[in-house]
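Colleague: Start from chain A and add chains B, C and D according to the hints.
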Amino acid sequence: MRSNRMGWGLLAPTLIILGIFGLLPFFYVIYVGFFDWNVFSAEVGRQFAGADNYRRLVFDEEFLGSVGRTLLFAFCVVTIEMILGFLLAQTLVRDFPGKAVFRTIYALPIMIAPIAVGATWKLLTIPGFGLLPYYLDKWFGIEYQLGSHSGQAFWTTVVMDVWHWTPFVTLTMLAGLTAIPKEPLEQAQVDGANRFQVLRFLTIPMMMPVIITTLFIRIMDALRVMDEVFLLTGGGPANATRYIGILIWRVVFPQTNYGYGSAMSLLVLYMTLVLAFLLFSVLSRVGKQNTSEK
Amino acid sequence: MGKKRSNLGLIGTYILWTMMSIFTLLPIYWMVVVSARSRVELFSPGKFWQTTFYAQNYTNPLTSPAFQRYIANSLIIATSNALLVITLALFATYALSRWKLNGADNIFFWTITNRMAPAAAFILPLFLLFTRAFKLGDFMMFDTRIGLILLYCVFNLPFAIWLLKGIIDGIPIELDEAALVDGAGRWTILYRVILPLAAPGLAIAGILCWMFAWNEYLFAAALTSTRARTITTGLAEFVTVTGTNWGEMAAVATISLLPALIFLVFVQKYIVMGLTFGAVKE
Amino acid sequence: MIDHTKAVSAPVEHKGRKGFLPMETNLFDRISISVYIFVAICLLWLRFIEPLGPNVIYGALLCVLLGIFIVRKG
Amino acid sequence: MRKQSRSISLVIGILVIFSMLFTACAAPVAPAAAPAADVAAAPAEPAAGALDPMTLVSDPAWWATAAEPYKGVTITGISESTPPSRYAAEVLGPAFTALTGINVNFEVTSWDEMYNKPIKDMEAGTGIYDFVYIEQDIIYSYLARDFMTNLTQLLADNPQLKSADFDLSKFTSFIDNFKDADGNVYGIPMEAFIKPYLYRMDLFTDPAIMEAFKAEYGYDLAPATTHEQYMDIAKFFTKYGEDNGLELWGTTNQAHTGHASSTYEYFETVAPTFGIFNWGINMDTWKACEANGGSMNSQTAKDALQWRVDLLQYSPPESTASTWDEVAATFAAGRAAQGFVYGENTVWIALDPDRSQVVGKVGVALPPLSDGVMAQIESGEGYIGYYDGGAFGVPSTSKNKEAALLWEQFIGLESVQPAWAIAGSRIVMESTYDDPMIQEANAKADNYYTKMKEEGPLYRGAPPFPFHNQVRGAIDPFIWKALAGDMSAADALDQACVVAEETMMQLGYGE
Numbered sequence: 000m001r002s003n004r005m006g007w008g009l010l011a012p013t014l015i016i017l018g019i020f021g022l023l024p025f026f027y028v029i030y031v032g033f034f035d036w037n038v039f040s041a042e043v044g045r046q047f048a049g050a051d052n053y054r055r056l057v058f059d060e061e062f063l064g065s066v067g068r069t070l071l072f073a074f075c076v077v078t079i080e081m082i083l084g085f086l087l088a089q090t091l092v093r094d095f096p097g098k099a100v101f102r103t104i105y106a107l108p109i110m111i112a113p114i115a116v117g118a119t120w121k122l123l124t125i126p127g128f129g130l131l132p133y134y135l136d137k138w139f140g141i142e143y144q145l146g147s148h149s150g151q152a153f154w155t156t157v158v159m160d161v162w163h164w165t166p167f168v169t170l171t172m173l174a175g176l177t178a179i180p181k182e183p184l185e186q187a188q189v190d191g192a193n194r195f196q197v198l199r200f201l202t203i204p205m206m207m208p209v210i211i212t213t214l215f216i217r218i219m220d221a222l223r224v225m226d227e228v229f230l231l232t233g234g235g236p237a238n239a240t241r242y243i244g245i246l247i248w249r250v251v252f253p254q255t256n257y258g259y260g261s262a263m264s265l266l267v268l269y270m271t272l273v274l275a276f277l278l279f280s281v282l283s284r285v286g287k288q289n290t291s292e293k
Numbered sequence: 000m001g002k003k004r005s006n007l008g009l010i011g012t013y014i015l016w017t018m019m020s021i022f023t024l025l026p027i028y029w030m031v032v033v034s035a036r037s038r039v040e041l042f043s044p045g046k047f048w049q050t051t052f053y054a055q056n057y058t059n060p061l062t063s064p065a066f067q068r069y070i071a072n073s074l075i076i077a078t079s080n081a082l083l084v085i086t087l088a089l090f091a092t093y094a095l096s097r098w099k100l101n102g103a104d105n106i107f108f109w110t111i112t113n114r115m116a117p118a119a120a121f122i123l124p125l126f127l128l129f130t131r132a133f134k135l136g137d138f139m140m141f142d143t144r145i146g147l148i149l150l151y152c153v154f155n156l157p158f159a160i161w162l163l164k165g166i167i168d169g170i171p172i173e174l175d176e177a178a179l180v181d182g183a184g185r186w187t188i189l190y191r192v193i194l195p196l197a198a199p200g201l202a203i204a205g206i207l208c209w210m211f212a213w214n215e216y217l218f219a220a221a222l223t224s225t226r227a228r229t230i231t232t233g234l235a236e237f238v239t240v241t242g243t244n245w246g247e248m249a250a251v252a253t254i255s256l257l258p259a260l261i262f263l264v265f266v267q268k269y270i271v272m273g274l275t276f277g278a279v280k281e
Numbered sequence: 000m001i002d003h004t005k006a007v008s009a010p011v012e013h014k015g016r017k018g019f020l021p022m023e024t025n026l027f028d029r030i031s032i033s034v035y036i037f038v039a040i041c042l043l044w045l046r047f048i049e050p051l052g053p054n055v056i057y058g059a060l061l062c063v064l065l066g067i068f069i070v071r072k073g
Numbered sequence: 000m001r002k003q004s005r006s007i008s009l010v011i012g013i014l015v016i017f018s019m020l021f022t023a024c025a026a027p028v029a030p031a032a033a034p035a036a037d038v039a040a041a042p043a044e045p046a047a048g049a050l051d052p053m054t055l056v057s058d059p060a061w062w063a064t065a066a067e068p069y070k071g072v073t074i075t076g077i078s079e080s081t082p083p084s085r086y087a088a089e090v091l092g093p094a095f096t097a098l099t100g101i102n103v104n105f106e107v108t109s110w111d112e113m114y115n116k117p118i119k120d121m122e123a124g125t126g127i128y129d130f131v132y133i134e135q136d137i138i139y140s141y142l143a144r145d146f147m148t149n150l151t152q153l154l155a156d157n158p159q160l161k162s163a164d165f166d167l168s169k170f171t172s173f174i175d176n177f178k179d180a181d182g183n184v185y186g187i188p189m190e191a192f193i194k195p196y197l198y199r200m201d202l203f204t205d206p207a208i209m210e211a212f213k214a215e216y217g218y219d220l221a222p223a224t225t226h227e228q229y230m231d232i233a234k235f236f237t238k239y240g241e242d243n244g245l246e247l248w249g250t251t252n253q254a255h256t257g258h259a260s261s262t263y264e265y266f267e268t269v270a271p272t273f274g275i276f277n278w279g280i281n282m283d284t285w286k287a288c289e290a291n292g293g294s295m296n297s298q299t300a301k302d303a304l305q306w307r308v309d310l311l312q313y314s315p316p317e318s319t320a321s322t323w324d325e326v327a328a329t330f331a332a333g334r335a336a337q338g339f340v341y342g343e344n345t346v347w348i349a350l351d352p353d354r355s356q357v358v359g360k361v362g363v364a365l366p367p368l369s370d371g372v373m374a375q376i377e378s379g380e381g382y383i384g385y386y387d388g389g390a391f392g393v394p395s396t397s398k399n400k401e402a403a404l405l406w407e408q409f410i411g412l413e414s415v416q417p418a419w420a421i422a423g424s425r426i427v428m429e430s431t432y433d434d435p436m437i438q439e440a441n442a443k444a445d446n447y448y449t450k451m452k453e454e455g456p457l458y459r460g461a462p463p464f465p466f467h468n469q470v471r472g473a474i475d476p477f478i479w480k481a482l483a484g485d486m487s488a489a490d491a492l493d494q495a496c497v498v499a500e501e502t503m504m505q506l507g508y509g510e
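Protein chains in written order, with numbering that gives the first Met the number 0: chain A, 0 to 293; chain B, 0 to 281; chain C, 0 to 73; chain D, 0 to 510.
Excised from the complex, chain A in its bound form (with noise of 0.2 Å):
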C-alpha cells in the first residue's frame, strides 16, 4: 500500500533545495580548501597546494589560539546558560499572576538580530556614552574599558550572549518541563523522595531529549558566533574576542586568502561536527542505557 515513491517525492523538494543551497557549497569548500587561493598574490589565479593550507593550519598560532578561545566561550555561554536555563524554566512551571508579561519581556531579546545586539551592547558599554562604564566608575570605582581590557572584554561577550541567548534555552526547557507526566514525580514525593532526588533521578533524565538537543543547538551557535561579537568589539583588545568566525571572515574577506579561509572553516565544521557526533551518539545513549537500568 505504501509506496516510497510518494515519500521521496514528499521529500524531493527539500532534498533538491538542501543539496543545491547546502551541498554544493560544501564541497567547494573542500575543494577549494586545498587551493592556494589569495587574489592578491603574485601568482595569480588557484595553484593546488595539496595539504599546505592545512599544514599551515596546524602551526598556525593565531588560529590555534583562537579556536581555544572560542570554545572557551562556547563553554562558558552554553555552562552558564544551561544552567540557567534550566533553574528559570523550573520557576516558571508554576502558574502565578503576571507570569505571560514577565515570559515576554524575558524573551525579547531572542528576537533580536545579532547585528542589532552587538549594536545594543556597543551603546551600552561605549565610553563617553554608554550606560556600564559611567555606572561602574562611579558606583564601584571599576574603570571598564573594552577596548584596553581583555577580561572585560570577553566577560562582555559572554554576557551578551547569556543576554540573548538563556531565554530560548528557558523556553525549550520550559517546553519540556511543561511536557513531562506529572504522575511520577507526584508519585516520588509521596514516596518521600526530596526535591533534588526528584530533580536528579526523574526529572533531568525524562528531560535528557530536550537537554541535549538545547545544548546541541547552542554549541553549535556559540562556536560561530560572528556578527554581535564582531559589531561590539571588532575581535579586541588586540585578539581577545577574536573568535573563530571573526578570523575567518578577516581571513577570507580583508584579506582575500580563499584557500586559506575555507581550510579554517572546514576544521571548525569538523569540530562542531565531532561535537554533535559524541553529543548524540555517545550521551543520548549513555542516557538511555542509565534509564533503562532503573
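Note that these hints are calculated values from the structure, not bench results.
Where a beta carbon is used, it is the ideal one built from N, C-alpha and C, also for glycine.
Possibly wrong hints are sitting among the right ones.
Claimed, not checked - Once the Cα atoms are required to be at most 25 Å apart in a straight line, the calculated PhoX-like pairs of lysine-lysine come out as: (1) D:K213 <-> B:K46; (2) D:K169 <-> D:K70; (3) D:K234 <-> D:K398; (4) D:K238 <-> A:K137; (5) C:K17 <-> B:K46; (6) D:K161 <-> A:K137; (7) D:K70 <-> B:K134; (8) D:K169 <-> D:K450; (9) D:K238 <-> B:K134; (10) D:K169 <-> D:K238; (11) D:K161 <-> D:K70; (12) B:K46 <-> A:K137; (13) D:K452 <-> D:K70.
Stated by the list, open to error - Just the calculated beta-carbon pair ranges, DEER-fashion: (14) B:V264 <-> A:E182: 29 to 39 Å; (15) B:W48 <-> D:A374: 53 to 63 Å; (16) B:N101 <-> C:M22: 51 to 61 Å; (17) B:F262 <-> A:L198: 25 to 35 Å; (18) D:A290 <-> B:K46: 37 to 47 Å; (19) C:M22 <-> A:R55: 43 to 53 Å; (20) A:R55 <-> D:D201: 46 to 56 Å; (21) A:R93 <-> D:E241: 48 to 58 Å; (22) C:Y35 <-> A:L63: 15 to 25 Å.
Modeller: Using the frame of chain A, we list chains B, C and D on its own:
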C-alpha cells in the same frame, strides 16, 4: 508544603523575575534612549532618563525610500521563507514519519552542517552559485529576494524538520489509516488530519524561521546589492556613516525589533507548546 | 513510564548493528566515524609526525585502511 | 460545511505562498529603473539640494546624443557610505540619469563590504559592478591584477564619447595616484583630503589657560610642532579637564583595538612624522625587519609607536574603541583638545551645529614632526601623511564600460564639484578651491581648504604595495596588542615585521 512556604516562594519568584526583566530590558531601554538623542546630546553618559525626543533619527530612515525598500524586502523574504520552509518541512517530515526511506534520516544530519560551519567561507561558493550557475540572460540570482529565500531554507529546513519530526511522529498512524479507509488521498490526509494537529509546531517552526531570516546579516550583505537589501544590512550601513550616527543606528535597530516584538506578544504562548523537539509524545 | 524518555528526536536515528565499536551503529555512523578519525589522525600527523620525516600520505593511507576496517567490522 | 471552510483556507494559504514567491521572483526584473529615482527623493544633507543637470553641462544635447545607444542601461556601482559617496548616489546619480537616460544603481555600503564585494566580483569575473570605489591605497593591488579599465585608452578608443567639458588636466595632483607608469588614468578622483592636526582654538587662545600652560612648561601654548610638545599639551589638557570637572582630554586617538583604523593611524599619520615611510618596508627587497634592510622595527619606529601608546593615557576613554568615525565624533563633542582627524570631517565639525559642539572653535595645523623629517619630506624622500581619498574606476570585467565612461566624465566635470565639495569636504579639482561656497566654508574652518591646497604636496598617497590589505591585516594584531597594553611597542614591532615578511613571501614578494 505549607501555605507560608509557597507564599515565600511566590515572593522569591517575583523578585527573581523582576531582576531578570531589568537585566533583559536594560540594553533595550538604553538603545531606545540613544535613539531619541541627537548627535550633540549623545555624550552625556550619566543621563539615565530621556525627556526630549529627537524624531529625526526615526523620520530620516523611515522617509527614505531606500530604507522602506529594505523593510519591505525583509518582510517579504522572512515571510516567504517561513511559509516555504514550513510547507516543505511538513511534506518532508510527513514523508519521513510515514514511509521507510532508507538513508533519509542521515541526510539531514549532513544538511544541518551548514548551520554549524562559520559562514564566511561559504559566501564565495554561494556568490559563484548565485552569479554563475543561476543565470538566465540578464537574470541572475545575485541581489534577488528569491535567492535569499531559497538560501535561508538551507539553514531553516533541517531545523524545522527536526522540530516537527516528533510532533508528526506523535500523531497516531491509525488516523491516517482510518482516513485512507474512508477513501481520502494522501494530500487530503495531509491537510485535513496532519495539518490541524501539527499546527502549534508549524507555527513555532514558522516563527523561528521567520526570525532567522529577518535577523540574518552576513549572507544578506554579501549576496545582495541594492534591490534585495534587508534591514540588517541597512543597520550595518549606519555604523560607518561619517561621525558614526549612533542615534540613527539605534533607531533603526529599534525599528527592526518592532515586528518581532509584535509577533512575540501574540504567539509567546505557543512557543512553549511547540518547542519540545519531539521530546515527549502527546 | 520510561517510554517518554526514549525518543531522542535527533537527526540521526540509530537502528544499526553492534560491531566492535562500543555502540550500535549503522553504515552512516561508521562512515562518519571513519571520516572523523581520518581527519584527526591526518591533522596530528601534519603537526607532530611530518616534521620528523614521513609524509602525510602515509598517514592518510593508514587512515583509509582503518576506515575500511571500521566500516566493515565496526 | 466544515470541510468546505478548510478547503478555502487551504486555497488561500497556497495563494498567499505563491503570491509571496511570485513577488519575490518578480522583484529583480521590475525595479531596474527604480532604485536611482528612489534614492534621489531623499537627499542626505539639505545643503546638497537638487541639481539641475541641464545647467551643469555646456551642451546637454551632446550628452543625450552620446548616451543614445545606452539609454535604459543600468550601471551599477559601489562605494562606502560616506558623505561624498552618498551625495554622488543621491544627487549626482539622478542628475546623470536625467541627462542621459542611463540609470545609476549606486550601492553605498560599509567600509569592509566596499572592498569585499567588488574584489569578489572582479576575481570571479562576474561583471556586476560597472564602477567601483578605489581608494588610493588599494589601486596598486588592483592594477597588479589588471582589475581596472584603462580610461585614457577607453576615451581614445571612443572619441564619440569624449565630452568637451571633461578635462583630465584640471584635476589636482591627486589624480597621479590613479595613473600607471605611462600616465594612463584608471580612476576619476571623487574625494580627496588630508588628515590634518585639529586643535581647539578657543582653548588654545584662552589667556588663563595660556598662562597656566606657560607657567608649567615654560613655553607658549600653541599647536605642537614637536612630539614632545604634543605630549605636553595632551597631558596639560587632560589635567585641566580633570581639575575643572570637564569631559575633556588631551588628544583624540584612533586606537580601536579590533579595527584596521588604528594600524592606519600609526602607519599613515604617526610613523611618517617620525621619519618612517612606506610602513618601514623596503620596497626593493620587500623586507620589513631592520636586520633585512627594512625599518618597521627600527628604534625610531618603536619610539613612534611608544609615543602613540603613551598618548592613550591622555585620550578620552572611548579611544580604544574608536575608529576614524568615532574620533571625529569625539572631537565634535568637544571631548578632546587636539587630535588627528580625517579631513572629510573637518568642515562639518567646524560648521554644522546639528552635529558638532565645537562650531567655530576648530583650528587646523600641520602635524608635529621630528627633527630633520621636514627636510626629508621636502626632498621628496618622505611625506607628512597620506593624501587620502579615492576615485571611481571601471572594472575590466564591466559589461557597460561605455555607459560607465560617460558617468566617469560626468562626476569629473568642474561644474558638479563645488556643491559636492560642501557636502563632503572633498576637493579633487583646482578650480573648486576658488568657488565662493568653498571660500566661505574655508573662512569658517580655519582655512582648511587653503591649507589643503598649499600643504597638499607635503602629503602623499599610500605606498604602492600590490598587497596592501594582506600585509596590513597581518600586522594589525600586533598594533592592537601594543595599544591594549598586552605587549610592549618594541616587541609588537619586532614581531610584526617578521609576520609582515612571512606574509609578503607567501604572496610571492621577496624571498
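Colleague: Decide, hint by hint, whether the structure agrees.
Modeller: Hint by hint, here is what the structure shows:
no. : hint                          : in the structure
1   : D:K213 <-> B:K46              : violated (36 Å)
2   : D:K169 <-> D:K70              : violated (29 Å)
3   : D:K234 <-> D:K398             : violated (56 Å)
4   : D:K238 <-> A:K137             : holds (19 Å)
5   : C:K17 <-> B:K46               : violated (67 Å)
6   : D:K161 <-> A:K137             : violated (65 Å)
7   : D:K70 <-> B:K134              : holds (23 Å)
8   : D:K169 <-> D:K450             : holds (19 Å)
9   : D:K238 <-> B:K134             : violated (64 Å)
10  : D:K169 <-> D:K238             : violated (48 Å)
11  : D:K161 <-> D:K70              : holds (17 Å)
12  : B:K46 <-> A:K137              : holds (13 Å)
13  : D:K452 <-> D:K70              : violated (39 Å)
14  : B:V264 <-> A:E182: 29 to 39 Å : holds (34 Å)
15  : B:W48 <-> D:A374: 53 to 63 Å  : holds (57 Å)
16  : B:N101 <-> C:M22: 51 to 61 Å  : violated (21 Å)
17  : B:F262 <-> A:L198: 25 to 35 Å : holds (33 Å)
18  : D:A290 <-> B:K46: 37 to 47 Å  : violated (54 Å)
19  : C:M22 <-> A:R55: 43 to 53 Å   : violated (36 Å)
20  : A:R55 <-> D:D201: 46 to 56 Å  : holds (55 Å)
21  : A:R93 <-> D:E241: 48 to 58 Å  : holds (54 Å)
22  : C:Y35 <-> A:L63: 15 to 25 Å   : holds (19 Å)
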